[in-house]
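Residue numbers (my numbering): 1 to 99.
If you are wondering where the hints come from, they were derived from the structure by calculation, not from laboratory data. Hints should not be assumed to be uniformly reliable.
[Stated by the list, open to error] Estimated spans, in silico, between C-beta atoms of each pair:
| no. | residue 1 | residue 2 | range |
| --- | --- | --- | --- |
| 1 | Ile32 | Gly54 | 52 to 62 Å |
| 2 | Ala60 | Arg36 | 47 to 57 Å |
| 3 | Lys9 | Ser38 | 10 to 20 Å |
Beta carbons: idealized from backbone N, C-alpha and C, even for Gly.
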Amino acid sequence: MGNRHHHKKLRADVRARMARTGESYQRALARILDERSSPAPARGVDLVPIAYFGAPAALATFEIAGRLACLVVSSSHRPRPFPHDPLVALAMRGPRTVH
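Construct the entire structure; sequences and hints are all you get.
Right under this line is the structure:
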């Protein structure tokens with residue numbers, strides 16, 4: 001009977017939460033499983049390589065206050081003028097499938 005000896009750490013965590021919060025076993029188990037299964041929001045910067053009239057650069061995309069923000073990052077050894085709207089440079093690459 002594998003079920004009696006399975007998830008020992010989970011059961012210990014559930015019992016510790018029960019003692020701490022006074023919840024029932026099922027409610028404490030549901031809350032712990034919910035906390036463990038929900039992924040943390042992605043907080044990072046995606047870099048997309050672009051070429052704006054032949055000048056290599058990278059488009060940095062990130063989220064600020066729930067809105068998309070873009071920033072063109074040029075090469076330090078070959079600075080070139082870039083558009084005020086970086087999405088214009090991205091659109092010039094043509095359609096691209098992202099998986």
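Hints and how they fare:
Ile32 and Gly54 have their C-beta atoms about 55 Å apart, which keeps the hinted 52 to 62 Å range intact. Under the hint 47 to 57 Å, the C-beta atoms of Ala60 and Arg36, about 32 Å apart, miss the expected range. For Lys9 paired with Ser38, a C-beta distance near 19 Å keeps the hint of 10 to 20 Å intact.
Hint 2 from the earlier list is the only one contradicted by this structure; the remaining hints agree with it.
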